[in-house]
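Line by line, the protein sequences are chains A and B.
According to the working numbering, the first sequence is numbered sequentially starting from 8.
According to the working numbering, the second sequence is numbered sequentially starting from 8.
Hints are computed from structural coordinates only; laboratory data are not their basis.
Warning: the hint list may mix true and false statements.
According to the in silico footprint, chain B covers these stretches of chain A (three or more CB under 8 Å from chain B) [said to hold, decoys possible]:
#	stretch
1	91-105
2	108-119
3	128-138
4	193-204
C-beta atoms are modelled at their ideal positions from N, C-alpha and C, and glycine is treated no differently.
Number of protein chains: 2
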Amino acid sequence: MKDNIVISKATIDRLPLYFRTLKQVEEEGVIIISSEELGRRIGITPEQIRKDFASFGEFGKKGVGYFVRELLRNVGEILGLHRNWNIAIVGVGHLGWALANYINFEGLGCNLQAIFDIAPHIVGRQIKDIVVDHFDNLEAVIKERHIHIGVITVPNSQAQAVVDRLTAAGIKGIWNFATIKVHVPEGTCLVNEDLSMGLSSVSYYLTRQLPEK
Amino acid sequence: MKDNIVISKATIDRLPLYFRTLKQVEEEGVIIISSEELGRRIGITPEQIRKDFASFGEFGKKGVGYFVRELLRNVGEILGLHRNWNIAIVGVGHLGWALANYINFEGLGCNLQAIFDIAPHIVGRQIKDIVVDHFDNLEAVIKERHIHIGVITVPNSQAQAVVDRLTAAGIKGIWNFATIKVHVPEGTCLVNEDLSMGLSSVSYYLTRQLPEK
Chain A
8 MKDNIVISKA
18 TIDRLPLYFR
28 TLKQVEEEGV
38 IIISSEELGR
48 RIGITPEQIR
58 KDFASFGEFG
68 KKGVGYFVRE
78 LLRNVGEILG
88 LHRNWNIAIV
98 GVGHLGWALA
108 NYINFEGLGC
118 NLQAIFDIAP
128 HIVGRQIKDI
138 VVDHFDNLEA
148 VIKERHIHIG
158 VITVPNSQAQ
168 AVVDRLTAAG
178 IKGIWNFATI
188 KVHVPEGTCL
198 VNEDLSMGLS
208 SVSYYLTRQL
218 PEK
Chain B
8 MKDNIVISKA
18 TIDRLPLYFR
28 TLKQVEEEGV
38 IIISSEELGR
48 RIGITPEQIR
58 KDFASFGEFG
68 KKGVGYFVRE
78 LLRNVGEILG
88 LHRNWNIAIV
98 GVGHLGWALA
108 NYINFEGLGC
118 NLQAIFDIAP
128 HIVGRQIKDI
138 VVDHFDNLEA
148 VIKERHIHIG
158 VITVPNSQAQ
168 AVVDRLTAAG
178 IKGIWNFATI
188 KVHVPEGTCL
198 VNEDLSMGLS
208 SVSYYLTRQL
218 PEK
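Based on the provided sequences and hints, a complete structural model is requested.
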């Protein structure tokens, strides 16, 4: 991997998509893939793909394609997925519960290590192999289990207070599902998730498919 | 809006992000926004923004900026959000339940009109103002309530069968949260959601923030 590479935000945003698609391709047993075929699968032009990949190194063979395994490892490394981040989910409503069960954390090189809630009927329950901890024990558990990333799935009204507690406890990565703006201290990474964005994409394509009368 | 505009897939993928950000900006009372300020908020270069917006019309005033309300309306129109799509969610596990409650369908010009499940303790329950219907009534309800888009939140093992039933019943837009590949007939729009992609982004930024020892 190149040191000190500069990658545009737009390229960074495509990296998870590349990673996911290359992983599927690898599982299908493909050894080499062309930018045309990769582009067809993702819906990005081959030119864009070649430009993106060129910005972080040489993984292709002109006229042949990209070596899938090598490229996948390198995209994963650029994404930092070899770092084995430890994750904590805060808030076991339906969304927190769904994420805990739904996301393939291991496939992303991450470990779900802690889940927090305050409700007496939730604390102590087991989700996957994690026993839900009380939010009061946040600081101790974060320290003990070396948590790096906090996932915010609490109601909007509590999101900022939870983010404040997490960052005060040393958490440097926040993945926020609350639909309000939260603020983090400088040096903390904040990624806001908006589940509704996919629906706009469906709307876009459907609009082209079903012309207005 | 221009007729027959051709927009690249990469631009299309940014439209929901533009829509969401412009909506926030409008709610803050901003009248005009520069491509620099919009770029700073989204994390895209001003050049990319100007290029994207130029591809679907003229909403800016050189040296001044973009008129927020006009631009928002136009991005919304390109996304087809004025079409008032009717939505059905199929599968009331934690994820389906979370989506039904979490997504601001109205804010996207969509109406959640039906929710389906097969479990006796779920069918008949009310989520928001929708009574959960039995999956056996799928075809009748889709027809009665003019459903356009189906949201797939069933277990992977049932996803393809559900997609087949929906498309056979005339649904042309599928928003799929199952983590397996599903196939749709030609002319049907399929958008696969992968909730884990946001986590890769957190990993990317955290890797830059916390260098390896």
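Can you give the numbers of the hints that this structure goes against, from lowest to highest? The structure conflicts with hint 3 only, although it agrees with all the remaining ones.
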